[in-house]
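Peer 1: Two chains, each in its own frame: build the complex with the hints.
Residue numbers (the numbering used here), protein chains in the order written: chain C, 1 to 291; chain S, 1 to 331.
Derived by calculation from the structure, the hints in this document are not laboratory data. Do not take every clue at face value.
One-sided excerpt, in silico: chain S residues whose CB lies under 10 Å from chain C [unchecked claim]:
1. G66
2. A124
3. F258
4. M265
5. E297
6. V306
Glycine included, every Cβ here is placed at the ideal spot set by N, Cα and C.
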Amino acid sequence: MSGIATAVDITLNSLVLGGVFLIVAVGLNIIYGLSRVMNLAHGSLYAIGAYTGYTIVSLGVNFFVALLLAPIIVGIIGLIIERIVIAPMRKRSMIYTLILTYGLMFFLDGLIKYVWGNEPRFVAIPAFMRETISIFGTHYPVFRLTTLVTTAAVMIGLMLFLNKTRIGMILKAASTIPEMVSCLGFNMNYIHIGAFILGCALAGVAGIVAGPLTTIDPLMGHEMLISSFVVIVIGGLGSLRGAVFAALLIGLVQTLAEFFITDLAMVIVYMMMAVILAFMPRGLFGEGKFE
Amino acid sequence: MSGSPSMPDSHTSLSPLKLIGLVVLFIALALLPFVWGNRFYISLITEIMIYGLLAMSLDVLLGYTGLLSFMHNAYLGIGAYVVGLFLIHVSPTSLWLACLVGVVFTGLVALPVGWIQVRTGGLAFALLTLAFGMMFYTIVWKWYGLTGGDDGLMGVPSPDIQLFGWSVGNTGNPAHMYLLTLFVVAIALILTRRIISSPFGAVLEAIRENEERAAFVGINVRRYKLFGWMLACVLAGTAGALYILCKGYIGPVTMSAFAGAGVLMMVLLGGLGTLWGPIVGAGIFIYIQDYISTMTEHWEIFLGIVVIFLVLFMPTGFVGLGNFFKRLRKD
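Extracted from the complex, chain S is given alone in its bound form (with noise of 0.2 Å):
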């Protein structure tokens, strides 16, 4: 099965090279808050793979699925307030049970709305998201007594990291966070590149290419874009888990569609359909908006011209530009 042109497939298998490329990267990024002390940078850098995982998991969505989601960060939302306050209300030391709590309950909100979004078809299930997620938003905004409000989420405590046992670290840390950070995102990069490469991951790209043909070959359109959803948000939920370990705060903010249409954002620069791509997108965003809100406070216009400009001139983003250059020195 062949993706379109505009949507280039990532998962032939990696040569010996690329795999050890890719090692000696993973090894440098681990080695990197041992050899640079900053700390400012560091932190940023821990957001951007937050924030990388969650573009990621919209691209298992959109690119993959072909699936719309344009509020996926109140997912990370809500898998941050649940991780957030089963740590200041029930237990301040057990971190795993958090972030397990956080992210299957980030599954069980997730499940009946997909259920709702997969019956309705392909643009009303984009809709649907907008309105969920601005429900999700206008009740973290408004049920002071749980999340705060405007104020957000403080006080969250920054427990031990333990493994097998032993307490190797903690998350208040940001060279500790930093590491945690990048072996969960290296695990469900991994992960998730399995699970698309899988006959699964086939089913889910015959739904993006043709709907109908997938449906008449007897798929269960719904039941796969179903699980297809449910990948994407425990993902979501897990980039939640370490986000609020990261920051220590979440505020309504974060759940609102100026923030969904930054993930969106960081998707569409990545690239479509290339798992990694996003991660590379979070980055350039995450780095330009660092950027660009010090100089203006209508930063509004601004995302709004970056949409339109890569949607109309680049929609495979810096990928896509990367294959176009591939393939202009084979011809």
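Chain C on its own, in the form it takes in the complex (with noise of 0.2 Å):
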């Protein structure tokens, strides 16, 4: 391959990466912003929406129709682990919030080995995303361009939801100051449970947009759970432009240094986040709300 091929390689392998990251310290945010809960339980939540995906796929349903179940389900599952879990939590301290989710990731990591056992799984894609087309020279397979392609669709649209309409503005508002949001006559518990499961539906969609691109596993979760906590601290938590240029920033380090050392690439990043962590606490747009 010649130099500008291997750019190009790089340069798409880290946005895809980064839109993946994305999708999921961004569905972290959401959570935090509204109901001040840290969801550890993220990572296991994207990992069930690439097994659901594996098994929807594998019942012989189009793959861009699981793209549409699987965070519908994911969803549905947030919504219960709200109900159930969370919801008791409102009052208390975010300590015993923390510990509870963590709880609650090794119980959905348990579950998802009891249903799918340990064995890594494979998504079957339709045919023609399987090829390749040919970039300034690289054969960059099609999949990976459509997660691209999918990603920056699920933020586009998350952003017009934001920012265009009404129930996007109310969530804003209530993100910023909850009090006055509730006087205004919004229930604050709709918010918490809409936020709740807007942010499992975004690991969902991380989950099986980002399935076909490695193999499916327990531990899949845990990974992308440390990486968005790296994205949303570096980012700034809460901070949305931080969190983007964050999750581009890891995909671009994290693809290089998987690229001329394998082993300890993570080690990198975590070095990266330590340096820029010492120099900026709160973020690269100094944007952190940590309480």
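Peer 2: So this is what it looks like as structure tokens:
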């Protein structure tokens, strides 16, 4: 491969990876911003998204239908989780909520292993997506481009939803001054539930979109959870543009690190996070809302 | 400075009766291996004490300073690996030097990590402990040449326990290891209790109760959080040194997030902010783990359910439950 082809390859790969990080991280950010819950089970929901996608596709359903169905299923799981364990924790200290979602993570991981087993799975993608197209001399797989387009579409859709629709505006207002929104007659309870479902559905989207990129295994959620932490901590908790920049940055650094050194790639990412936080403790734009 | 009702203070001075009770308990524990020859249970109790020390060190962080560390076991792992590597590669006989090196090295690793963590605030602190913990786990897991990777560190020699020039035992002997662990854990408990009841401990609790107010009174919050973190990590490193001496082996599983959740559960089971509670919690947890893991392979599901149950219904652990009944009786 020529130098340009390699560069294009690396750029596209880092955009694909960064896009997946971004969707997971934004889901975490939305739940945190509206309910002040840091959901440690988010990575497991992402894995469940990938696994349900796998199951739906292997039942013979079209991949794009699965792309719609998986987030809905994960959203419903989110609703159940919210009602049973998150809602009773509203008034409790954040540390307890963190530990609770940590327990939830192990529960869901155990459930995944119980239902789907330990062996890695592969999503059967449609035939046309398995081909490659030539971009500046590199033969790039179509399904990776599909992933890129899907993540971009989801992010643009989310932006439009938050900025242009009435419900989106209420959500944004509720993340800034919940008391005021509550006083205006909106039921904060529904807002919390809605935020949790939205965040979980986003994790589900990321899961099924990322499914074909890698093998699906029970540990995929852990890696994604840690990566999305790195993204939201570097970007600043609750900062949307911070998350966008951080996700693309981490995507690029991880792709580069995996290209040059394979085994310890994640260590490079953690090191970079440490350096950034040492000088910018509130994230890239200084917008982090840490409590 | 009174703690909130959910986190009872333990550092009111001991009554003479309690003191005598504790001394009797200590002597009874010290005599145990001489009257009860079952090596398996002696080793199990040694492990419980080691994990108790680790859980206690997490309690210093979580119960007293209000900082959450998801992967405190990472620092036990670092201490254990360093002691093991020192015994294998440098000197197979110098026990105390190896332990010193292990604990100091753990502190040296924890210092920059803690420095970065305390700069970011409470929630990000917790997230970062997870990220750094996973980093250490990845390093230990992938650095095959040094750590043995997945296979773990094997063939760690068991040195003699030298005291003032005399050899009083060997760490390979379960009974001797039990006594060594008992003494170290007792000393660590007494020292930590002294530190926690000092003005320094009061500052930590002030930070836990209200960080902003503590800062307004002129406390350098970040520095004290770092001190609390260092104390917890050095104690965890000590537990690590005991761990490798007791087991003679350590694998990356000991440093995984899963094991980290176990330590957190020990603290929650025993009760936050009590120091000795987590040691009891470690006993309960290790016993249950020993029991359930023989029953089912889906032990993760049970761990998850127990954690959720504990947080929802029993946030102050068994000690808290005891205090609750005490209050009930008084009323």
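Peer 1: Look at each hint and say if it fits the structure.
Peer 2: Status of each hint after checking the structure:
no. : hint : result
1   : G66  : holds (7 Å)
2   : A124 : holds (5 Å)
3   : F258 : holds (7 Å)
4   : M265 : holds (8 Å)
5   : E297 : holds (9 Å)
6   : V306 : holds (7 Å)
Violated hints: none; the structure is consistent with every hint.
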